[in-house]
Amino acid sequence: MTTSPLENLHEETAQLLARIESLDSIDALVEAEPFIIGKRSVLSTMQKSLGGLEPDARRDAGAQLQEARRNVEDALSRRRAHLAELARRTQLEKDRLDLGDVVVSSVRWPATTGHASLVASTQRELEDVFVAMGFTVSDGPEVESDWYNFEALNIPPAHPARGMWDTFYVELGEPETVVLRTHTSPTQIHLMESAVATSSLPIHSVMPGRCFRRDTPDARHLATFHQIEGLVVDRGITFADLAGVIETFTQAYFGTDISSRLRPAYFPFTEPSAEFEVTCTICRGEGCRTCSHTGWIELGGCGVLDPAVLSAVGIDGDEWSGFAFGFGIDRCAQMRHQIADMRALIENDVRFLEQFS
Amino acid sequence: MKIPLSWLRDFVELNESVEELRETLDDLGLVVEGIEYVGEGLEDVVVARVDEIRAIEGADRVRLVVVDAGEGPLEIVCGATNFELGNYVPLAPVGAVLPGGFAIGERKMRGVTSHGMLCSSRELGLDDDHQGLMILDDLITPKVGEGLLEALSLTPDVVFDISVEGNRPDAWSVQGVARDLATRFARSLKEPALAVPTSASESATVAAVAIDAPDLCGRFTVSVLQKVHVGPSPAWIAQRLQAAGMRPISNVVDASNYVMLELGQPTHPYDAQHVSQRTLRARRARTGENLETLDGVIRPLAMAGRGLGDTGEDCVIVDGDDRVLGLAGIMGGASSEISASTTEVLLEAAYFDPMSIARSSKRHGLRSEASNRFERGVDPELALRAAARFVELLKESVPELEWLSNPLDVRGVVPTPPTVELRDGDIAKTLGVELSDNDVTSILDGLGFSVRREQSSLVVTPPSARLDVRSGAAGRADVIEEIARLYGYGRLPRRTPTWPEPGGLTARQKLRRRVRDIIVDLGVIEAWTPTLVSDEDFELLHAELERVRITNPLASDESVLRATMLTGLVTAWSRNVERGVGDVVLGEIGTVFTHPLSSAQARVTKGGAGGRVTLELPHEKERVTVIFGRPEDDARVAVAFWTVLAERLGLQDVVVRSVSDEPAGMHPTRTGAIVDRVSGAVIGYVGEVDSALVENVSPSLRGRRVGVLDLDFDVLSDPALAVRKSELADVPSRFPSAVFDLALVTPRTVHALDLAYELGSLSELIESVKLFDVYEGENLPEGTRSLAYSIRLSSMERTLSESEVNAERERLIARAAALGAQLR
Ligand SMILES: [Zn+2]
Chain A
3 MTTSPLENLH EETAQLLARI ESLDSIDALV EAEPFIIGKR SVLSTMQKSL
53 GGLEPDARRD AGAQLQEARR NVEDALSRRR AHLAELARRT QLEKDRLDLG
103 DVVVSSVRWP ATTGHASLVA STQRELEDVF VAMGFTVSDG PEVESDWYNF
153 EALNIPPAHP ARGMWDTFYV ELGEPETVVL RTHTSPTQIH LMESAVATSS
203 LPIHSVMPGR CFRRDTPDAR HLATFHQIEG LVVDRGITFA DLAGVIETFT
253 QAYFGTDISS RLRPAYFPFT EPSAEFEVTC TICRGEGCRT CSHTGWIELG
303 GCGVLDPAVL SAVGIDGDEW SGFAFGFGID RCAQMRHQIA DMRALIENDV
353 RFLEQFS
Chain B
-17 MKIPLSWLRD FVELNESVEE LRETLDDLGL VVEGIEYVGE GLEDVVVARV
33 DEIRAIEGAD RVRLVVVDAG EGPLEIVCGA TNFELGNYVP LAPVGAVLPG
83 GFAIGERKMR GVTSHGMLCS SRELGLDDDH QGLMILDDLI TPKVGEGLLE
133 ALSLTPDVVF DISVEGNRPD AWSVQGVARD LATRFARSLK EPALAVPTSA
183 SESATVAAVA IDAPDLCGRF TVSVLQKVHV GPSPAWIAQR LQAAGMRPIS
233 NVVDASNYVM LELGQPTHPY DAQHVSQRTL RARRARTGEN LETLDGVIRP
283 LAMAGRGLGD TGEDCVIVDG DDRVLGLAGI MGGASSEISA STTEVLLEAA
333 YFDPMSIARS SKRHGLRSEA SNRFERGVDP ELALRAAARF VELLKESVPE
383 LEWLSNPLDV RGVVPTPPTV ELRDGDIAKT LGVELSDNDV TSILDGLGFS
433 VRREQSSLVV TPPSARLDVR SGAAGRADVI EEIARLYGYG RLPRRTPTWP
483 EPGGLTARQK LRRRVRDIIV DLGVIEAWTP TLVSDEDFEL LHAELERVRI
533 TNPLASDESV LRATMLTGLV TAWSRNVERG VGDVVLGEIG TVFTHPLSSA
583 QARVTKGGAG GRVTLELPHE KERVTVIFGR PEDDARVAVA FWTVLAERLG
633 LQDVVVRSVS DEPAGMHPTR TGAIVDRVSG AVIGYVGEVD SALVENVSPS
683 LRGRRVGVLD LDFDVLSDPA LAVRKSELAD VPSRFPSAVF DLALVTPRTV
733 HALDLAYELG SLSELIESVK LFDVYEGENL PEGTRSLAYS IRLSSMERTL
783 SESEVNAERE RLIARAAALG AQLR
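Chains as they are written, first to last, in the working numbering: chain A, 3 to 359; chain B, -17 to 806.
Keep in mind that the hints are not guaranteed to be accurate.
Quick list of the computed label-pair ranges, beta carbon to beta carbon [what the hints assert, rightly or not]: (1) B:Glu436 to A:Ile284: 49 to 55 Å; (2) B:Arg630 to A:Leu88: 41 to 47 Å; (3) B:Thr293 to A:Ser359: 55 to 61 Å; (4) B:Arg730 to A:Gln93: 15 to 21 Å; (5) A:Ile284 to B:Lys90: 44 to 50 Å; (6) A:Ser108 to B:Glu677: 25 to 31 Å; (7) A:Asp168 to B:Lys90: 51 to 57 Å; (8) A:Gln93 to B:Gln634: 33 to 39 Å; (9) B:Pro397 to A:Ile284: 44 to 50 Å; (10) A:Glu87 to B:Gln634: 39 to 45 Å.
Here are some chain A residues the structure puts well away from chain B; computed CB gaps all over 10 Å [unchecked claim]: (11) Glu9; (12) Gln49; (13) Pro57; (14) Arg80; (15) Arg265; (16) Glu288; (17) His339.
The set of hints was computed from the structure by calculation and includes no laboratory data. Where a beta carbon is used, it is the ideal one built from N, C-alpha and C, also for glycine.
Required output: the full structure, derived from the provided sequences and hints.
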């Protein structure tokens, strides 16, 4: 034989391309595909016929065929995308609905029971307790600079104390300058800065919000969680006021048979600092497994504002003093509802969400 | 930190019960995280000699061992194989109760009766070794039948596991904890036995020490020890180390660890023969230098780290040939390690700058007991006392040990203790109660602070160990905290403060609550979807946007801050559909983020060291997103929901207008913008979820219509943008209203609600204009539909006459015509 098996490649390819362009629906395309590119296609037949050629000629012919095949495949996938878009457009046009014309009175609204998120309702309840005690409520951003999250809170760069917070860093600015806030405390700094700027001290505010720590979630911890933080800056504020506020809050939120106690602790932004514990709500102080038989459960941290924090925001520590406290909103919810696994809070299983009013 | 009670008792007399001690430690801020009882349950265990080992027929895992424990041969079935005839092993006889309450009884196995149990050291609660029986031959001079506790000179002990706060470097030692207890109980703190140099030779004639980096190494002492013989430690030292969680290694290393646990000073022993010219220098590492640490890893030094402010500074110890021997204060090198052949030791006891240790240790990922202490701050004045204690301990096993006189001691920069002035009234100003000079002085004395009474203040100087005490106002707070801590937080007064300023919520917070209440009343189940999402999820809707990325995500699918809650809600909904409980309306009120490069409203703030850098942070937007996933739900349902919500929120003049620039994720032909007609602001979007998104999230839900409402809460809560109705009440007319309908054939370009508003504002007499039907049919001109409105007219003064009503009707028709709508 003297004729090349690829003699007609050019025309065949052109025919295939034309055929592709003529396909007018996805269904037609799917139906035609095996004949254009599959085992039953002319290209596959040509491929089989290469076997008889000399190695060099076979390589050349193989390359030509490969290119033709690529062109056809490209054309096919372009056509497929085009037809899909066309189909989508057609469907969209068919679906078109002018929402300005909806006659609300004629819309069927099945009776459905809604449920606020447990975290949101717990947060509200906590806010209400503090509002009744004379606090305002302040919100703050979730992405912060290292200044607000750390340094203004007396945690300088590379200070070992930064290790107390497993920090998520954000890829912005110099490395480790932008963080997902690890606590609501940066909102304290914003509040104090703005109070100084507007000469509007004193401050009595609580700051609820979402925080983040790079800590693998388990039954007791989530990497995303909610805290509420309190800040008082006023004249003549002492540790006694802090202990009093914690106690009043404890009784108002948990009940009058629950009390609080403070234990020395370390936080860079307060001095003196304390952990605060409340009577175990499970055993009411008798001692049980949850409280390791101590009758107490650790709830949060607190303390008198460190003079370094006051000076970082430009507050005169001789005239003003204050305290701060903070604890987990999710943790309060967990305690009250005895949630065995905190991960239920983020799984959004309707059967869980429906349990809370 | 694990501390045996017996060790504490070396320093302070303690007769309190374990429970009382736990409470006291907790109350001092030395939180007890666990209590272990060592040697408990070993009272009945005795030393036994192995006299015979026999196979048991049919058993290949256990053998019959005949032992003598002083009362003749005893047959014991035993599974261990690590012993031979003549070895001495611990025997728990029948009737013994081992640690953990395991009672030993006679047991019959393979037809043989076992009269007790031969024990491993783990079974005895002595350490974790479970390789086989505990072989006593090397540990003691065994006597058959002797009680094990006596034989090991072991006293049952209680070990407290104490968590020490970061600002209490001084408490990270047995003596430090004992000091707190002694002060609280007003007892004296005993000093440990210290050696004095024994050799007339001067240290300086043998060895040399220097500091080239005085800012990194504040003090460097070297003791020269000769006639060293490396061997095991005395049993009591080994046992204390074990109880404290450290493995005994050799008398030299053990003495170093013991001193660190006891006094808080890490020391480092070098084999003098492997320290060229017996010279030790502390200097900065140079780029290109490496060190093979004891863990066998070769570490490049002086490489700038990624951490903020980390320039890559490492402090190293080098010898007379300038060869790097170790990473100062963190880990030694392999070359000068103590070995069995060591006969001369150079003992380093030093003070290193805490911050530089913290940075190096973090950068190299190397933490050691030493670095943990140095990075918090070791007492700079402790070095030679620690060396003296080390020598005293080593002499127990090496009586001939020589300590050359005048140990080498050079200084760099060491923090000087501040002088803190406690003005009269300062304590009351912080704690809310004045404490007597007597109380204050006895507490501070106990803690080693020096106190001097001046005219109207106490002048307080902390001991050198209290590197945490600052100067000025901060120092006052530090000292007052110590006073309060030792006095007892529980004894301080409580007072609930009041202030004249009112508390309460901001308008925005009130609105957020109101929105939540209303949507929940309307049937929304509030979800909490992830703030951190995957690249794939982000790209579903926002492939073209810059993304705010997390540098160190916990998992790759939690690496980007969400730009929408829609994807999260659709995902949550589809999972509930899979569970068979997806017949719901789901919503979320939350924050979404826009990269500063994609946002005109980037937040500018300060950051970096000292807050000196200006940073652009993502724009954080609060949104309210609701999806309607019940089987019949669609865009109409979403519009109806919005209409009720808008009405409840008292919005004055909002309309839904079809748009062609719908946001990503919204259906291109079934989405409307919610526009405030007064301000022109877009409050949000309502309609359906783009079918492509539904299909992408869950292919099995292809074709399912899902309604959506997505509100910009920042706009909604701005009364200038989302204008609310007047608060003033409108009393309806007491005269009857006239009601009639108008069906208007209207071009599609004219919005139904816009037309209603236009008609409604035509005259005072028009009470309301309500759309009640939309008709689309063949007999209407192309591009039009018929809108049917119910019109209500009334007057405050009179009943309207028929002619007045007709006139008004004609005016309405004329007005409609002017807007392109023809009466049908
Ligand atoms: Zn309990």
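Against the structure, the hints come out as follows:
1. Here the CB-CB span from B:Glu436 to A:Ile284 is close to 52 Å, well matched to the stated 49 to 55 Å.
2. Between B:Arg630 and A:Leu88 the CB atoms are about 43 Å apart, so this pair conforms to the stated range of 41 to 47 Å.
3. In this structure the hint that B:Thr293 and A:Ser359 lie 55 to 61 Å apart at CB holds, the actual value being about 56 Å.
4. The hinted range of 15 to 21 Å is satisfied by B:Arg730 and A:Gln93, whose Cβ atoms lie roughly 20 Å apart.
5. Hint check: A:Ile284 to B:Lys90, Cβ distance near 45 Å, so the stated range 44 to 50 Å holds.
6. For the pair A:Ser108 and B:Glu677, the beta carbons lie near 29 Å from each other, so the given range of 25 to 31 Å is met.
7. For A:Asp168 and B:Lys90, the Cβ-Cβ distance of about 55 Å falls inside the hinted range of 51 to 57 Å, so the restraint holds.
8. For A:Gln93 paired with B:Gln634, a C-beta distance near 37 Å keeps the hint of 33 to 39 Å intact.
9. Taken as a hint, the range 44 to 50 Å holds for the pair B:Pro397 and A:Ile284, whose Cβ atoms sit roughly 47 Å apart.
10. Against the hinted window of 39 to 45 Å, the Cβ-Cβ separation of A:Glu87 and B:Gln634 comes to about 41 Å, which satisfies the hint.
11. Even its closest Cβ contact with chain B, about 45 Å, leaves A:Glu9 beyond 10 Å, as expected for a residue assigned away from the interface.
12. Distance to chain B confirms A:Gln49 as a non-interface residue, since its nearest Cβ pair spans about 34 Å, more than 10 Å.
13. Under the 10 Å C-beta cut-off, the non-interface status given to A:Pro57 relative to chain B holds; the minimum distance is some 45 Å.
14. The non-interface label for A:Arg80 is consistent with chain B: the shortest C-beta to C-beta separation is roughly 19 Å, beyond 10 Å.
15. Under the 10 Å C-beta cut-off, the non-interface status given to A:Arg265 relative to chain B is violated; the minimum distance is some 6 Å.
16. Interface exclusion of A:Glu288 from chain B stands, the closest Cβ pair being 16 Å apart, more than 10 Å.
17. Listed as outside the interface, A:His339 is consistent with that label: its C-beta sits roughly 15 Å from the nearest C-beta of chain B, beyond the 10 Å cut-off.
Hint check: a violation occurs at hint 15 only; the rest are consistent with the structure.
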